[in-house]
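These protein sequence lines map, in sequence, to chains A and B.
Quick note: the first sequence uses this note's numbering, first residue 1, plus one each step.
Quick note: the second sequence uses this note's numbering, first residue 1, plus one each step.
Worth flagging that the hints you see were computed from the coordinates, not collected in a lab.
Just so you know, not all the hints are guaranteed correct.
Claimed, not checked - Only some residues are given here: those of chain B computed to face chain A with a beta carbon under 8 Å:
(1) 174
(2) 305
(3) 309
(4) 321
(5) 322
(6) 348
(7) 356
(8) 359
(9) 360
(10) 366
(11) 367
(12) 371
No residue lacks a Cβ here, since even glycine has one placed at the ideal position from N, Cα and C.
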Amino acid sequence: MKKLPKTDVVVIGLGWAGSIIANELADEGLDVIGIERGPWRDTARDFNIGTVTDELRYVMREELMLRTRQNTCTMRNNPSQTALPMRTWGSFHPGNGTGGAGNHWAGITFRFQPHEFQLKSHLTERYGADAMPAELTLQDWGTTWEEMEPHYMQFERVAGTSGYAGNLNGEKRAGGNPFEGPRSGDYPTPPLRQPYGPTLFAQAAKEMGYQPFPVPSSLVSEAYTNPYGVTMGPCTFCGFCTNYGCANYSKASAITTVLPALMRKENFTAYTNCEVLEVLTDSSGKKATGVTYVDSSGDTWEQPADLVIVAAFTFENVRLMLLSHIGEAYDPVTNKGTTGRNYAYQTANNVTLFFDDKNFNPFIGAGAVGMGIDEFNNDNFDHSGLGFFGGGSIRVTPIGSAPIGYRPLPPGTPKWGSKWKRALKDNYLSTMSIGCEASSYTTRTNYLSLDPNYKDPHGRPLLRITFDFAQNDLKMAQYCTGKVAEIAKSINPREMIVKPMTGHWSSVPYQSSHVVGGFVMGADPSTSSVNKHLQVWDVPNLFVVGASAFPQNPGYNPTGTVGALAFKAAHAIRTWYLKRPGEMITA
Amino acid sequence: MKTLNALSAALLLVASVGSQAQPEYDQYARGSYLATLGDCTACHTTDAKQPYAGGVKINTPFGVLAGANITPDRETGIGDWSYDDFRRAMTEGIGHNGKRLYGAMPFTAYTKMSERDLQDLWAWIQTLQPIHHEVETNQLPFPFNIRTSLIAWNWLNFDKGTFVPDAKKSAEWNRGAYLVQGLGHCGTCHTSKNFLGGDKDDRFLSGSVVEGWYAPNLGADAHTGLGKWTQEDIVSYLRTGVNRYAIASGPMADAVRHSTQYWRDEDLRAVATFLKEGKTHDEEVPQPLAASDDRMKLGAQIYEAKCSACHSPGGRGERNIFPQLAANPLINQPDATSLIRVVSAGSRGVDTDARPTAPAMPAFSGVLDDEQIAAVLTYVRNSWGNAAAPVSASDVKDVKDDMK
Numbered sequence: 001m002k003k004l005p006k007t008d009v010v011v012i013g014l015g016w017a018g019s020i021i022a023n024e025l026a027d028e029g030l031d032v033i034g035i036e037r038g039p040w041r042d043t044a045r046d047f048n049i050g051t052v053t054d055e056l057r058y059v060m061r062e063e064l065m066l067r068t069r070q071n072t073c074t075m076r077n078n079p080s081q082t083a084l085p086m087r088t089w090g091s092f093h094p095g096n097g098t099g100g101a102g103n104h105w106a107g108i109t110f111r112f113q114p115h116e117f118q119l120k121s122h123l124t125e126r127y128g129a130d131a132m133p134a135e136l137t138l139q140d141w142g143t144t145w146e147e148m149e150p151h152y153m154q155f156e157r158v159a160g161t162s163g164y165a166g167n168l169n170g171e172k173r174a175g176g177n178p179f180e181g182p183r184s185g186d187y188p189t190p191p192l193r194q195p196y197g198p199t200l201f202a203q204a205a206k207e208m209g210y211q212p213f214p215v216p217s218s219l220v221s222e223a224y225t226n227p228y229g230v231t232m233g234p235c236t237f238c239g240f241c242t243n244y245g246c247a248n249y250s251k252a253s254a255i256t257t258v259l260p261a262l263m264r265k266e267n268f269t270a271y272t273n274c275e276v277l278e279v280l281t282d283s284s285g286k287k288a289t290g291v292t293y294v295d296s297s298g299d300t301w302e303q304p305a306d307l308v309i310v311a312a313f314t315f316e317n318v319r320l321m322l323l324s325h326i327g328e329a330y331d332p333v334t335n336k337g338t339t340g341r342n343y344a345y346q347t348a349n350n351v352t353l354f355f356d357d358k359n360f361n362p363f364i365g366a367g368a369v370g371m372g373i374d375e376f377n378n379d380n381f382d383h384s385g386l387g388f389f390g391g392g393s394i395r396v397t398p399i400g401s402a403p404i405g406y407r408p409l410p411p412g413t414p415k416w417g418s419k420w421k422r423a424l425k426d427n428y429l430s431t432m433s434i435g436c437e438a439s440s441y442t443t444r445t446n447y448l449s450l451d452p453n454y455k456d457p458h459g460r461p462l463l464r465i466t467f468d469f470a471q472n473d474l475k476m477a478q479y480c481t482g483k484v485a486e487i488a489k490s491i492n493p494r495e496m497i498v499k500p501m502t503g504h505w506s507s508v509p510y511q512s513s514h515v516v517g518g519f520v521m522g523a524d525p526s527t528s529s530v531n532k533h534l535q536v537w538d539v540p541n542l543f544v545v546g547a548s549a550f551p552q553n554p555g556y557n558p559t560g561t562v563g564a565l566a567f568k569a570a571h572a573i574r575t576w577y578l579k580r581p582g583e584m585i586t587a
Numbered sequence: 001m002k003t004l005n006a007l008s009a010a011l012l013l014v015a016s017v018g019s020q021a022q023p024e025y026d027q028y029a030r031g032s033y034l035a036t037l038g039d040c041t042a043c044h045t046t047d048a049k050q051p052y053a054g055g056v057k058i059n060t061p062f063g064v065l066a067g068a069n070i071t072p073d074r075e076t077g078i079g080d081w082s083y084d085d086f087r088r089a090m091t092e093g094i095g096h097n098g099k100r101l102y103g104a105m106p107f108t109a110y111t112k113m114s115e116r117d118l119q120d121l122w123a124w125i126q127t128l129q130p131i132h133h134e135v136e137t138n139q140l141p142f143p144f145n146i147r148t149s150l151i152a153w154n155w156l157n158f159d160k161g162t163f164v165p166d167a168k169k170s171a172e173w174n175r176g177a178y179l180v181q182g183l184g185h186c187g188t189c190h191t192s193k194n195f196l197g198g199d200k201d202d203r204f205l206s207g208s209v210v211e212g213w214y215a216p217n218l219g220a221d222a223h224t225g226l227g228k229w230t231q232e233d234i235v236s237y238l239r240t241g242v243n244r245y246a247i248a249s250g251p252m253a254d255a256v257r258h259s260t261q262y263w264r265d266e267d268l269r270a271v272a273t274f275l276k277e278g279k280t281h282d283e284e285v286p287q288p289l290a291a292s293d294d295r296m297k298l299g300a301q302i303y304e305a306k307c308s309a310c311h312s313p314g315g316r317g318e319r320n321i322f323p324q325l326a327a328n329p330l331i332n333q334p335d336a337t338s339l340i341r342v343v344s345a346g347s348r349g350v351d352t353d354a355r356p357t358a359p360a361m362p363a364f365s366g367v368l369d370d371e372q373i374a375a376v377l378t379y380v381r382n383s384w385g386n387a388a389a390p391v392s393a394s395d396v397k398d399v400k401d402d403m404k
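Turn these sequences into a full structure, and let the hints guide you.
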């Protein structure tokens with residue numbers, strides 16, 4: 001192993017979080033090296049309009065995703081089982097390459113609500129300690145809405161997020177989301193124009209007394225130049241969005257908003273196709289000294305650094321900490337240890353509506369265009385006596401009916417033959433669906449650990465996921481999907497399929513890439529891994545940033561909060577850490 | 001260039017900390033800026049790690065020339081030159097030991113430089129790191145490789161003489177004229193050439209084909225020149241590489257990247273003032289083709305399917321990222337070389353400190369044949385306020401053949 005010259009900062013992962021922090025710290029004048037396990041990607045070269053609309057390549061063959069041959073996970077539903085490796089991605093899609101999962105995301109950019117950051121305290125105060133289901137291990141984040149808000153704003157301004165504020169500096173505005181926390185500024189770009197499906201849903205929801213709003217979206221609605229001088233073009237609703245890179249410079253990702261500015265800085269260097277093996281610490285274990293990584297030729301290098309930022313995907317953040325023996329590995333039997341603790345997911349529910357007399361032109365779509373309601377999300381409704389906590393974001397977001405995958409078939413359709421063809425033809429244009437992206441609350445036996453049996457090509461254990469849906473979440477799914485069905489029914493479809501999440505978690509059908517937790521933030525080192533600045537307890541020069549820090553998952557998409565946490569960590573480093581390097585921030 | 005700017009900034013800091021004036025540093029800083037104005041790096045730097053060591057190949061209609069090593073290396077650079085040698089090279093095209101320089105070295109423009117600017121630039125050159133790098137500058141075939149032929153060439157094509165200000169014009173205009181005609185050497189690309197490769201003086205900045213691109217008309221013509229560009233459009237283009245009509249591409253992308261983005265605001269404004277008062281080249285504005293023309297009908301279909309997602313229906317474009325095509329003088333150039341090139345081979349716009357996006361136009365030669373490319377360009381050149389000669393499939397083929 002060869003040792004490279006020391007640098008000020010090494011950042012692991014050049015997706016959203018890593019690119020944002022690398023850029024902020026480069027602006028601080030530090031020498032920053034970013035290490036990315038996947039290839040270099042940029043819009044001009046990789047997401048050409050002539051080649052990007054290729055469903056076989058990007059959806060079926062998962063071009064933008066991590067190769068499972070390079071690294072994968074094992075999965076089981078509970079600690080009594082032996083986990084098996086995922087050899088193709090199913091349930092979720094870890095990204096790869098510069099931009100990371102931010103290239104293939106949908107673009108939905110919610111902020112979490114103020115009460116989420118003190119969820120346990122809030123629910124205890126509102127419903128009493130006895131109301132908390134025994135299986136749940138909910139936690140406060142150790143931070144507040146007031147501390148988060150400026151960083152949400154920073155992220156939205158970089159991403160050009162489109163939407164309509166429902167709460168501007170405490171003033172409620174009709175047409176926006178009445179449940180959002182007070183915003184210090186409006187969305188940088190106005191809401192996208194809405195296709196027919198979302199319009200129909202919003203009308204029905206309104207008639208039932210709900211308050212629909214345009215889903216906040218980091219697909220810009222008009223040409224937008226962000227604070228770094230990087231310009232995005234308006235979304236054209238091409239329908240090749242989720243799972244694809246954007247050819248129109250419309251979908252915000254690190255490659256369309258941050259890296260063009262970052263790559264110009266002479267004190268920043270990116271190493272691509274380089275996989276970090278370990279975060280190194282000194283003999284005390286209290287100081288990170290750098291990382292080791294293996295390059296595309298198979299050579300291993302040591303990159304020493306004064307400050308180490310781990311900003312890979314949730315799974316790899318946690319796995320690297322376990323492999324590097326940072327923090328104590330969580331043990332569900334003793335309930336001790338924090339690394340791997342409080343892993344959560346997202347509870348995906350859905351209602352499909354079949355009509356005879358409507359044309360939704362479903363090929364018009366975008367990952368994040370749509371209308372939603374939040375009356376049944378999180379703690380926006382009274383949970384007294386319901387026997388569960390949490391809820392979901394109910395919305396219609398037509399992502400585009402891709403030619404291979406989109407098969408809207410009513411119940412009872414044969415699996416093949418002329419009747420199958422007839423049903424597909426009859427329903428292709430006239431089907432819509434209402435989704436409910438719901439919360440996932442943590443339990444003692446849902447956690448991440450190193451697999452004892454399966455290893456990656458470098459001989460390191462794979463990450464093992466132990467997860468099943470909490471009973472709390474399955475009850476919530478029934479309740480919220482029932483509410484969705486009421487709205488659906490009011491639109492008078494010919495027939496509908498009501499599909500709340502039921503049974504055990506399966507790793508096979510795609511549900512959501514919103515995997516969170518495992519290295520969570522908080523105020524108490526016995527139940528959290530990082531403080532509110534994303535600084536690792538007892539290793540002050542190590543910051544671990546990403547959705548791995550979420551103590552549980554609300555009924556929202558995570559990326560807006562991942563971006564805000566990245567800015568929050570960078571702010572803490574610039575404001576406090578660099579004044580007293582090597583010490584825990586006390587601010 | 002960035003390294004140099006960082007160095008300048010560091011030295012400026014030193015200069016401002018010191019209590020006394022630093023005439024030597026001031027002269028170095030002026031010279032460094034003059035090198036930026038002249039974009040010396042364009043022809044004299046091949047490898048950023050070896051600045052000004054020469055070797056950039058310049059394709060002329062007569063053959064290949066290469067930029068010389070202008071570092072003070074005694075054997076391969078200009079280390080044994082005197083100031084007078086330098087001055088003569090810059091203003092007369094005659095180098096050390098009487099060796100004549102080809103017009104690709106734009107001494108026909110640099111002859112306008114003031115004595116003080118020449119001294120400052122020379123002082124800066126003395127500070128460069130000497131780099132041993134042999135460059136064969138003259139790679140022309142016979143008979144063009146005979147340098148004595150340049151005596152006759154100069155007699156026909158070269159007017160020696162320092163810039164003489166026009167007392168009737170403002171100081172700003174005169175500064176702009178000095179920059180455009182002198183160090184900026186805009187005419188090297190934008191002035192059409194006679195059969196000897198010399199500038200047609202009466203066609204100054206009227207547009208010309210250079211290295212497979214059409215350097216457009218910079219005259220005051222509304223239809224094909226800068227008549228409709230505001231002063232701000234010109235400044236924005238040179239400062240950021242982007243304005244409502246264009247994102248700098250091809251050779252101009254290099255000029256913006258290495259040179260004009262670093263020009264001082266007052267110099268960019270002076271250039272804009274001078275260009276806005278430039279002469280017209282009496283372009284006759286043609287009538288646009290009728291929408292019923294078969295080429296127009298085919299072109300409209302292709303435009304809607306392949307182009308309108310970015311450039312918008314109606315060619316209105318998107319600010320700072322997808323250039324407006326409607327009523328755009330660049331679309332109306334008499335020669336469609338650049339347009340054919342950009343559509344068939346694609347192009348990546350310039351990245352600048354102010355506008356780092358560098359959006360790309362994809363290549364369409366894989367999905368459109370020559371006739372289709374000709375049709376869509378004919379359509380764009382004759383729609384939404386544009387009017388220009390139709391493009392034929394053979395025009396497309398010629399440009400594509402040249403690129404091979």
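Taking the hints in turn, this is what the structure says about them:
1. Given the 8 Å rule on beta carbons, the hint for residue 174 (chain B) is violated: about 33 Å separates it from the nearest Cβ of chain A.
2. Contact between residue 305 (chain B) and chain A, as hinted, is not supported at the beta carbon level, the nearest pair being about 11 Å apart and thus beyond 8 Å.
3. Hint status for residue 309 (chain B): holds, given a least beta-carbon distance of 5 Å to chain A, under 8 Å.
4. Given the 8 Å rule on beta carbons, the hint for residue 321 (chain B) holds: about 4 Å separates it from the nearest Cβ of chain A.
5. A cut of 8 Å between beta carbons decides the hint on residue 322 (chain B): the least distance to chain A is about 6 Å, and the hint holds.
6. Taking 8 Å as the C-beta cut-off, the interface hint given for residue 348 (chain B) holds, the closest approach to chain A being about 5 Å.
7. Interface restraint check for residue 356 (chain B): the shortest CB-CB distance to chain A comes to about 4 Å, inside 8 Å, so the restraint holds.
8. For residue 359 (chain B), the shortest C-beta to C-beta distance to chain A is roughly 6 Å, which falls under 8 Å, so the interface hint holds.
9. A hinted interface residue such as residue 360 (chain B) counts as satisfied when its beta carbon comes closer than 8 Å to some beta carbon of chain A; here the least separation is about 3 Å, so the hint holds.
10. Satisfaction of the interface hint for residue 366 (chain B) is found here, the shortest Cβ-Cβ separation to chain A being roughly 7 Å, below the 8 Å cut-off.
11. Interface hint status for residue 367 (chain B): upheld, as the beta-carbon distance to the closest one in chain A is roughly 6 Å, under 8 Å.
12. Because the smallest distance between the Cβ of residue 371 (chain B) and any Cβ of chain A comes to about 18 Å, over 8 Å, the interface hint for this residue is violated.
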